[in-house]
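Engineer: The primary structure of each chain is shown beneath.
Protein chains: 2
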Amino acid sequence: MEYSIGEVAKELNLTVYTLRYYDKEGLLPFVNRTSSGTRLFKESDIEALKVIECLKSTGMPIKEIKTFIDWVADGDATLQQRYDMFLERKAVVEAQMEEINKTMELINHKCNYYKTALDAGTEDIHKKDKIEV
Amino acid sequence: MEYSIGEVAKELNLTVYTLRYYDKEGLLPFVNRTSSGTRLFKESDIEALKVIECLKSTGMPIKEIKTFIDWVADGDATLQQRYDMFLERKAVVEAQMEEINKTMELINHKCNYYKTALDAGTEDIHKKDKIEV
DNA sequence: TTTAGACTTCGAGTTAACTCTATGAGCAAA
DNA sequence: TTTGCTCATAGAGTTAACTCGAAGTCTAAA
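Chain order of the listed sequences is A and B.
Each residue of the first sequence is one higher than the one before, starting from 1 at the first, in UniProt numbering.
Each residue of the second sequence is one higher than the one before, starting from 1 at the first, in UniProt numbering.
Treat the hints as calculated values from the structure; they're not laboratory data.
We put the beta carbon where it would ideally sit given N, CA and C, even for glycine.
A few of these clues could be false.
With a cut-off of at most 30 Å between alpha-carbon atoms, the simulated DSS-like pairs for lysine-lysine come out as follows [unchecked claim]:
#1 A:K24 x A:K66
#2 A:K56 x A:K66
#3 A:K115 x B:K115
#4 B:K115 x A:K63
#5 B:K42 x A:K63
#6 B:K50 x A:K66
Quick list of the computed label-pair ranges, beta carbon to beta carbon [as the list claims (entries may be wrong)]:
#7 A:T18 x B:V16: 16 to 24 Å
#8 B:L12 x A:S35: 56 to 64 Å
#9 A:H126 x B:I62: 31 to 39 Å
#10 B:A91 x A:R33: 54 to 62 Å
#11 B:E94 x A:S35: 21 to 29 Å
#12 A:T34 x B:Q80: 51 to 59 Å
#13 B:R33 x A:D84: 47 to 55 Å
Okay, the calculated bits of chain B under chain A, using three or more residues with CB under 8 Å as the criterion [what the hints assert, rightly or not]:
#14 9-20
#15 47-60
Could you build the full structure based on these sequences and the hints that come with them?
Structural biologist: Here it is, written out as structure tokens:
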């Protein structure tokens, strides 16, 4: 089964503009075309796009993702680079998880702070501690 | 104790350019100045900046953070808005946590995939399943 | 066969969040 | 008092990642 750019966009919650932009940036060299030039995405292309979205969500810029895509095309000679890259991404995501936990702590603190203030009708209830924003 | 913009930048791992930009965008109306115009950050200003960085890390744009800063200046009348905002941020962060867990799953899968391929010396070891990127 | 809708490329425009340059002031040490 | 560092503003420049407009092609339904 093959899919048009519009179908893929809908499936992955992207726009067709974004997919064409990815292609323009060299992220989708594996996507085939019809004789008239229309892109035909296969199942494995969609899986590759999910990996691209995964890398993007770790904060990896498009240019670095392209480097990875180039490595894939280069075959077994680049297995070590690709392994190292994913190990590095793993470390990045672990750091993000720590960061997000700290963020959640502060957000929760603020939820409690404002719940208490709201119940009291005034923020002054907290002024005994210190002035907060 | 009060701090210069350079000291605050170093402390919070920001640049002085960024801090001045925040000020320009209305995020730091509470920071006092010397008679000659130099910014003097107090302890509570640094705490406020940490909240700003926290909101930023949830993906909140500067303009929305400014709205919040304006609410703070408006006092008790905006307690409900501020509470609602933090509840919304909490939901956003919870979604981010789910997203990041999925990301980590895929990254881990890829780490294992490439470790196995590397040990075998070729990616073909996985070709029995399906072609992967 | 014409009309609608989805597809194509090229290149320009947009947006957020910085990031820096130019120019000048304040201040402390040599 | 000059040197050097940090501070200030205004406004221009940068960057990434889209996002879109123009102009044209392809295909299926009416």
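Engineer: With reference to the structure, classify each hint as holding or not holding.
Structural biologist: These are the hints, each one checked on the structure:
Pair hint K24 (chain A) plus K66 (chain A) holds up; C-alpha atoms about 11 Å apart against a cutoff of 30 Å. For the proposed pair K56 (chain A) and K66 (chain A), the alpha carbon gap of about 11 Å is at most 30 Å, so the pair holds. Taking the CA atoms of K115 (chain A) and K115 (chain B), the gap is about 49 Å. The hint is violated against a cut of 30 Å. With a CA separation close to 24 Å, the supplied pair K115 (chain B) and K63 (chain A) stays within the 30 Å bound.
Among the hinted pairs, K42 (chain B) with K63 (chain A) is inconsistent with the structure: their alpha-carbon atoms are about 41 Å apart, more than 30 Å. Only pairs whose Cα atoms come within 30 Å are accepted, and K50 (chain B) paired with K66 (chain A) is rejected, the gap being roughly 35 Å. For T18 (chain A) paired with V16 (chain B), a C-beta distance near 35 Å fails the hint of 16 to 24 Å. Between L12 (chain B) and S35 (chain A) the Cβ separation comes to about 57 Å, which falls inside the hinted range of 56 to 64 Å.
Separation of H126 (chain A) from I62 (chain B) is about 26 Å and departs from the stated range, judged on CB atoms against 31 to 39 Å. In this structure the hint that A91 (chain B) and R33 (chain A) lie 54 to 62 Å apart at CB is violated, the actual value being about 42 Å. Judged by the Cβ atoms, the range 21 to 29 Å given for E94 (chain B) and S35 (chain A) is violated: they are separated by roughly 48 Å. A C-beta distance of roughly 56 Å is found between T34 (chain A) and Q80 (chain B), which places it inside the suggested range of 51 to 59 Å.
Checking the proposed 47 to 55 Å range against R33 (chain B) and D84 (chain A) shows it holds: the Cβ atoms sit about 49 Å from each other. Look at the stretch 9-20 of chain B against chain A: 0 of its residues bring a Cβ nearer than 8 Å to a Cβ of that chain, fewer than three, so the hint is violated. Coverage of the stretch 47-60 of chain B by chain A holds. Counting CB-CB distances below 8 Å, 7 residues qualify, and the rule asks for three or more.
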